[in-house]
Structures are given as C-alpha cells and as structure tokens.
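Okay, here's what each chain looks like letter by letter:
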Amino acid sequence: MRQLRAWLIRFKGLFLKDARERELADELESHLQMHVDDNIRAGMSPPEARRVAVMKLGGVEQAKEAYRDRGTIPLLESMAHDLRFTLRQLRKNPAFSVTAVAMVALGIGASVAIFAFVDAALIKPLPYQNPSRLLFVTEATPFIPRAAISYADYIDWKKLNTVFESLDVYSHRGYVLNTPTGTELVDGARVSDGLFHTLGVVPALGRDFYHGEDLAGAPRTVILSYASWQKRFAGQPEIVGQQLTLNETPYTVVGVLPENFHFAPVENAEFWTTLHPAGFCDERRSCHYLQGVARLKEGVTQAAALAEVTRIAKDLEAHYPDSNRNQGATVAPLSEVIVGDVKPILLLLLGGVGLLLLIACSNVASLLLVRSETRRRELAVRRALGATRARLIRQFVIEGLVIVVIGTTAGLLSSHWTMQILAGLIPKNMMAGMPYLNGLALNSRVLIFALTVAAFAAALFSLTPAFRLSTLEMREADNSRGAAGRVWTRIGSKLVILELTTAMVLLVGAGLLGKSFYRLMQVDAGFETAHLITMTVRAPMSAYEKDEQALALGRDVVDQIKSLPGVTSVALADVLPLSFNGNTDWIRFVGRAYNGEHNEVNQRLASSGYFATLQARLLRGRTFKDSDDATKPNVVVINQTLAKKYFPGEDPIGQRFGDTDLHPDTLREIIGVVDDIKEGPLDSEIWPAYYAPFNQHPRVDFSVVVRTTQLEQSLMPAVADVISRLNSKITISNQTTMMARVNNAPTVYLRRSSTWLVGGFALVALLLGVVGLYGVIAYSVSQRTREIGVRIALGAQRGSVYRLILKEAGVLALAGIVIGTGCAILVASVMRKLLFGTPPWDIATLISVAAVLGASALLASFLPARRAASVNPISALRAE
Amino acid sequence: MSAKTEIWQGTLALMILKTLATLGPLHGYGIARRIEQTSGDRLALNYGTLYPALLKLEQEGWIVAEWGVSENNRKAKYYKLTRAGRKQLERETKEWNQTTAIVARFLEPAEDPS
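From first to last, the protein sequence lines are chains A and B. Letter by letter, the first sequence follows residues 1 to 880 of my numbering. Letter by letter, the second sequence follows residues 1001 to 1114 of my numbering.
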C-alpha cells in the first residue's frame, strides 16, 4: 500500500519536475544559509564560512541527481527523454519522417479500409438468430446446380423431412402499389408463413404471420420493411392494421420488420406478403419459383440434411416421374448464398492489400536500416559515454513506435474516408444485393485488426535496427569501413527482393484480372449493345384482361415510341438479354422417340421487331411478323445452340416441338434460327433457347427495347412519357440503357472494381519496390565510393563502373522477378475462379509484367550507377 | 565502499525519524547537525545525502514537509513526523535492537579470548 502510494507520487512527479527541482534548490539554498550563519557565528570569515558549508553539503549535483531519481521514475523519465529525442530527430529529417509515416499510413489505411469491407460482409454474422444453423435449400438439376423449388415439392419436403426444425420458402415479386399520386412498381417478396420465425426475426412493430396465413383462403396481409415504413408511412405506428393496395388487391398491414433486418436474396423487398397459392404455376409441380431456407435441428449436420433432402427428392421423382425427373436437391449455408459472390473478391482484395502493407513495412524497415547505418557514429559516441545496449535498443523501439503511432493514426483517419468513398462508388443496384455493407464501420473488430497490424509493424521497425545494432557490435573489433556497408546491403537487399517479389505478384494479379476483364468485355453478346434504351412496363391486369387488349397495348406502345424522333426501332420482350439463364421450358420434339428426359431450354417472348432492334444475326429462316398472332399456328425462333444440340446436321426449319406431353396447344413450329444471344451474364454459358412471338402470348408486363440514333439519356423521358400517356395506371421502372446494364451487371462490376483496386495496389507496390531498390543501390554506391575511386584511378573505364552497379541491381531485380513469377503463378491458381478466359500462367501477362518491373528496376539503378561512374577518383580517395 | 553506503542509508532513515521524534518539527540542516552531534561527531555525514532520504520518507508518508521560518529568520522547509511515521519508528527501533542483539551475540565469543 505504502509502496503503491510512493509510486503514485513518483509518477505524479514526472509531471511536476520543474516545480520540485526549484523547491529542492530553495531548500538547499536555505540549508547553506543556515550553515553559513552558524559558521560565521563560530568565527569564520564569510567566504570561509561559505566554502566549508558547501563542502559539507557535498556534491550538490549528485544530491540533486539522487533526489531526481527518487523524485520520479527514472525509467519513464528517460523514456520521455528518448521520446523527445526521437521527435527532435524526426523533425530534423523531415524527408525521412514524412516518407516513413506516409508509407505506414498508406499500408494501414488501405488494409483497414479493405478489412472493414471483409468484416461487414464475411465476419459480422447475419442479423438472424444463430445464423450458422440456417441452410439454403433448393432443388437441383443436372443443368442448374441451384434450381428453384415448386410449391407442391416444397409442401412435400416440409412434410417429409426430419432434419429441419423448420423449412420455409420465399420468392421475389414486384408489386404495383397504389400511392396517393398514382401507382408505383415496388419490390416485394412472397414468403411462407414461418420464414421470419425460421430466420429468428421478430417484427419491430405488430406481429409475425400466423401459422396458416400463407394458405389460399387466408386474408391478405403484408409486413413492411423498416425502410419502407419510414419512407412511405413516415414511421407512424398506426400503420399496423391499415390497408394498402398491391396489384389491385387490398392487403392489411400486420407488422414492420426491425431496422437492422436485411435479406439479400430478395434485395430491397419492401412488402412481404404470404404465398397464397393460386393460379397455374402454384398448382403445377413442374413450375419452380421458390427458394428454401431451413433451420437445422440441433445436432444434425449439413451432410445429413443433404442426404435427407436428396432422399426425399428421389422419392418424389419415383412418385412423379413426369415432373420430377432428375430433380435432385442441394443445400448450402445461407451465408454462402448471401455473400458467396463477393467472398473471393474480398479475400483477393484483402490479400492484395496485405501484400501492399508488407511492401510498405519492408520499405520503412529498410529506410530505418539506412538511418541506423548513418547514425553509427552517434551510436558509438553514446555507447562510449556509457549508454547501455538496452538503452540504445530502447531508442530504436521508441523511434519505431513513434512512426507507427503517427502512421496508424493517419491511416485510420484516411481509412475512414476511403471506406466512404469506396462504398459510395458501389452502384445502387449492386448495393441492393449487398445490404450487409450498410454495416460498414470502424467498429471494434476493425480497430483490433488495425492495432494488430500496427503492433506487427512496430515490432518489425524496432527489431530491424536493434538486430542491426547487434551486428554493429559484433563488428566493433573489426574496424574496416567496407564491411559495414556489406552487412547492411545483405539485409537490405533481402528486403528489396521481398519487395520486388511482392510487387511482381501484385502486378501479375492485376494484369490477369485486367486481361480477364478485357476478355469479358470482348465477349460477343450476340447483339449490338450500344444505343439501346430499355425499361420495364407493367399495366394493370384489370384494364387488359383479354388477350386482344394486351396485344393492342403492346402494339400501341411500339407505335407510340416509333413515332418519336430519333427512334430507329422498338421491340418488346418478357426477359431482356444479359439478365439470366432460367425461365426455362421442357420441350419434346414431334416425331422423335421420347423417354421422359427433360430438354431444358430458355423460353423467351419477343415482339416482331426484337431481333432487328437488337441487331441479332438471323442465320436461317425468318423472324416474327406482326401477323404471327393467336389466329395462326404457334411459331418459334430458336438460337444456334438449340439448333446444334438438337438438330446436328439437320435443318431445324419446319420442325416442331411441344411440352413433355406434346399437348396440341403447346406445339410450335421452328421458323428461324438466330445466332446465340447472351441471355445470362457476360461470363455465363449459352443455353439452348427459343423465342416465341409476343403477339401469340400477349402479356401486360414486359420490357421495352428502343434503338436510337440520339443520346440514350436524352430520349429516355420522352419514351417513358408516351407510354404512360396510354394509361395513367401503367408503371414504368428500370429506365436505363443496355450499356449501363452491361457495365453495372454484378459480374462486370465486381471484376472491374477488383481490377482497378488490385491495379492500384500493384502500381503503388511497383513504386515502393522500385524506390526500395533505388535506396539499396544508392546506398551501396555511397558506401563503395572509395572502392570505385580506386578502380577508376587504376584505369577502370566508366562503362565497367556502370556494369558493376547495374549488375548489382540486376541480380536483385532478377531474383525478385524469378521468385515473384513463381509466387504469382501460385497465387493466380488460387484465384483462378476470378479469371475469365485467361490461364493463371498467361505468358503474355507474365512477360509484360516482368518487362515493366525489369525496366523500372533498370531506371531506378541507372541514377546511382551514373553517380558511381562520375566519381572523381581524387576526391573519392581523399574522402576518408 | 558502496556496501557501506547502503547500510548507512537504511540507518539514516531511522536516525532521521528518531531525531524528529525527539526534537519535533525540524529543517534538513537541523536534522543533519543533530545527527552529527548525537554521534559525538563520529559520523561524517555528507549533508547532501540527507535530502533524497527525506524525500523517500515523505513519499512513504512517514513525514510531512512544510515551509516555515527558522530561529534566525531564514526561510526553511520543516519536516514533521506523522502518526504513521511514529509507528514506523517504533517498528524500526525494535527491529534494529533485535538485529544488533543478534549480531552482538555472534560477535561476543570472537571477542572473548578464552
């Protein structure tokens, strides 16, 4: 207790040093005065009295020193001293300090920002109860690894399984919402009654769906998302119990979801309704449109669950061979489905930024090494004056800490901005698919990461020069000047090889990603993507109930838009190209043996001008005419893949196919073959597809494609305007251009952004690596000035001096390039999934990256080489 | 030499405490003079060493210091024993007596020639 008290006082003494020293001085002065008084009284002369008093008091400085040591904590005191010394040193050498701090700030700032994304997407658990027990459960076909479930299959799965606490389903759905100002197309979802219960989510307001509320006979109810409640209903709690109109049907609001709730698979669904199975699709076992979410029972593994659903699927296949042939099952962790797409890219970026951090740290470490080398004299003097080894090492540790602390602070601040900027760069449609990124923040996990990185950097920075110090001491006996440089160059050059290797890996990674992106953008979509406007139109069913009415609407839309100036052609489709593979049909060919296999093909609707508007290439036969309507036999245009797969070496024109029963209503005659149009994303495969004429299957919701000679953006409002003038209840959404759809497609966006980011990392890494190389070579030249002077004096040509230095640099660069190439191929193999049309060992990329790195290294070593070659032998020899 | 100093420092604290207990509040110079006088001038005390010892005692709470005026009208820092300091003095005195008794017993036979 007493000890503690004394320590506290001494600690306080650290801050009261001046006052205490003054007091001691006063006290000693008064002591002397009293002693002098006594001495004079004893008969001494005043000078004698003072002399004796001072002598008796002893070494005043020693007393003060002892007093000082006792007054504070000497260790802290001297550390404060070291700190002040360090700050003075850093101020004295601003170029070094700014470079070192900037590098640390860069490395930490970039890695923390990327880690924050990783944290938000991959580490922070999903906002559900015990999310690790949640599985994504769907059917699977040989064609589609994650196919949807049909309603009938879902009911059976739910009933027959023994592995899930609960199994629920959802499906995305767009709704037309009646608003005070008209109608609006809004995102929603149809879910089974227990979905929120399975997720473990309780509404913030109102109630969850009742058991059985998703059946056909139940009253229509809706739960709102928090954002929708805030935006559309001003966050009023009275909303619960009120009615709103979706798709011309009244719904009662029963609840509001919590603010932090998100469910990426249905993106930003605002209105959550129940299934209410009704209509053709829900009754058909072969109509797949639902996705399942299940909560595993305690103690059941994912593998057991997979075995169970696979068994059920097999049973159903045996029961319903017609509809369920080859319909398997698959399960996956829900988190994988939600973040699966961005996971490899985020890990790639984290790896990239980690390498950048490594290179930045080794650069700072080598800077510190150079500095410790130039401070040899200072260290030797301090050692000679009695500084202990520990004290000198402590000096280095404090220097490292100061750099890291300042750099980390700057890095954290900049990472905050970087995160905002990066998140702001994500387009809205991408952000909707990644709602978990809303949790992006400098939270405690991110801060812990930053501190860990900083601790690693601090250890590196303080240990390198400390290690350096021990080599320095080893050499104390051997006083030769040349050896000093060589020892340093050996450590320094290893760091440089590490830096160049890292730069090589990052450059190759960026090169491969860039090439993949280029290859992706070179993919032939099968149509001309430029100068196309697209939008989605949805008319109220009540006004266009009959097929003729819907057909007339489609005709009017086309005619109205065509009359606008600048419009070249117009077409309608149900699904735009570059959307997705899916919406498939099972077909059976007339006049061929059939044993129940599922010939799964994309099924699309297209109006008469569709292929002309897209500028797709017709290979055989003809496309649709306006007269191909319900009065004529059904016709289709097929794509080349379908023709090749099912009619190899045959002319498909005139052939017919229908559904699996060859029901007469479904029979269609092939009238044309078009070159493949990408229905899915650019990096997807081409599936067999057929296009049926809009006029034979008219509908009230469709997409419009407009080819224009004008700037697309300027024409867009006019197009929307003429459509809405046809009927004020028509909703128009997704107004955009085909180019924007291409560029903002997730696959393109993710690749482009990762290419840019990794490219940026690689450029910085190249710069740092080359600067590092320059540092080593320049230092080596400065150390060898005398040797070079001697060589020149002895008759060496300037050329041979150049060769000497360039060779030294070349060996380092070559080592970096060779090791880097090996590492790069390894790394590229790991990220193979992110490459497109480019092998990990792509020779062109490897060679060009090696060339860039080699050329930069040559340039970096040329400057010191020139300095070496221009050494004046006389002054070089005099220098020592 | 250094071993002597260490022992000296331990006993110096005891002497300071005893001096303050006997004479009441006193300044550093007065304590030094008193210790010298009590030892019959056999101790050559370096006055400077007194002050770190005083600071240590003050930090441990055995004594408190206050500025005052000396008998000759000089400004001086006066040290006073605290209650804890008085107890500490008793404790240390007892320990000292025990120690010296033990050491004395060790040394006795050596002094006896028989």
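Certain hints may be false.
Below are the DSS-like pairs computed for lysine-lysine, each with C-alpha atoms no more than 30 angstroms apart in a straight line [claimed, not checked]:
#1 A:Lys56 - B:Lys1075
#2 A:Lys546 - A:Lys562
#3 A:Lys231 - A:Lys297
#4 A:Lys231 - A:Lys807
#5 A:Lys12 - B:Lys1080
#6 A:Lys64 - B:Lys1018
#7 A:Lys12 - B:Lys1087
#8 B:Lys1094 - A:Lys729
#9 A:Lys314 - A:Lys645
#10 A:Lys124 - A:Lys17
#11 A:Lys428 - A:Lys297
#12 A:Lys17 - B:Lys1075
#13 A:Lys64 - A:Lys124
#14 A:Lys56 - B:Lys1080
#15 A:Lys17 - A:Lys64
#16 B:Lys1094 - A:Lys17
#17 A:Lys343 - A:Lys515
#18 A:Lys343 - A:Lys645
#19 A:Lys124 - A:Lys562
#20 A:Lys807 - A:Lys494
#21 B:Lys1080 - A:Lys314
#22 A:Lys297 - A:Lys124
#23 A:Lys625 - A:Lys729
#24 A:Lys343 - A:Lys159
#25 A:Lys428 - A:Lys124
#26 B:Lys1018 - B:Lys1094
#27 B:Lys1087 - A:Lys314
#28 A:Lys12 - B:Lys1075
#29 A:Lys12 - B:Lys1018
By construction, these hints were calculated from the structure, which means they are not laboratory data.
To see whether the hints hold, each was checked on the structure:
{"no.": "1", "hint": "A:Lys56 - B:Lys1075", "verdict": "20 angstroms, holds"}
{"no.": "2", "hint": "A:Lys546 - A:Lys562", "verdict": "25 angstroms, holds"}
{"no.": "3", "hint": "A:Lys231 - A:Lys297", "verdict": "38 angstroms, violated"}
{"no.": "4", "hint": "A:Lys231 - A:Lys807", "verdict": "68 angstroms, violated"}
{"no.": "5", "hint": "A:Lys12 - B:Lys1080", "verdict": "22 angstroms, holds"}
{"no.": "6", "hint": "A:Lys64 - B:Lys1018", "verdict": "25 angstroms, holds"}
{"no.": "7", "hint": "A:Lys12 - B:Lys1087", "verdict": "26 angstroms, holds"}
{"no.": "8", "hint": "B:Lys1094 - A:Lys729", "verdict": "105 angstroms, violated"}
{"no.": "9", "hint": "A:Lys314 - A:Lys645", "verdict": "28 angstroms, holds"}
{"no.": "10", "hint": "A:Lys124 - A:Lys17", "verdict": "49 angstroms, violated"}
{"no.": "11", "hint": "A:Lys428 - A:Lys297", "verdict": "37 angstroms, violated"}
{"no.": "12", "hint": "A:Lys17 - B:Lys1075", "verdict": "22 angstroms, holds"}
{"no.": "13", "hint": "A:Lys64 - A:Lys124", "verdict": "58 angstroms, violated"}
{"no.": "14", "hint": "A:Lys56 - B:Lys1080", "verdict": "24 angstroms, holds"}
{"no.": "15", "hint": "A:Lys17 - A:Lys64", "verdict": "12 angstroms, holds"}
{"no.": "16", "hint": "B:Lys1094 - A:Lys17", "verdict": "37 angstroms, violated"}
{"no.": "17", "hint": "A:Lys343 - A:Lys515", "verdict": "21 angstroms, holds"}
{"no.": "18", "hint": "A:Lys343 - A:Lys645", "verdict": "35 angstroms, violated"}
{"no.": "19", "hint": "A:Lys124 - A:Lys562", "verdict": "51 angstroms, violated"}
{"no.": "20", "hint": "A:Lys807 - A:Lys494", "verdict": "16 angstroms, holds"}
{"no.": "21", "hint": "B:Lys1080 - A:Lys314", "verdict": "97 angstroms, violated"}
{"no.": "22", "hint": "A:Lys297 - A:Lys124", "verdict": "23 angstroms, holds"}
{"no.": "23", "hint": "A:Lys625 - A:Lys729", "verdict": "29 angstroms, holds"}
{"no.": "24", "hint": "A:Lys343 - A:Lys159", "verdict": "34 angstroms, violated"}
{"no.": "25", "hint": "A:Lys428 - A:Lys124", "verdict": "22 angstroms, holds"}
{"no.": "26", "hint": "B:Lys1018 - B:Lys1094", "verdict": "12 angstroms, holds"}
{"no.": "27", "hint": "B:Lys1087 - A:Lys314", "verdict": "91 angstroms, violated"}
{"no.": "28", "hint": "A:Lys12 - B:Lys1075", "verdict": "26 angstroms, holds"}
{"no.": "29", "hint": "A:Lys12 - B:Lys1018", "verdict": "29 angstroms, holds"}
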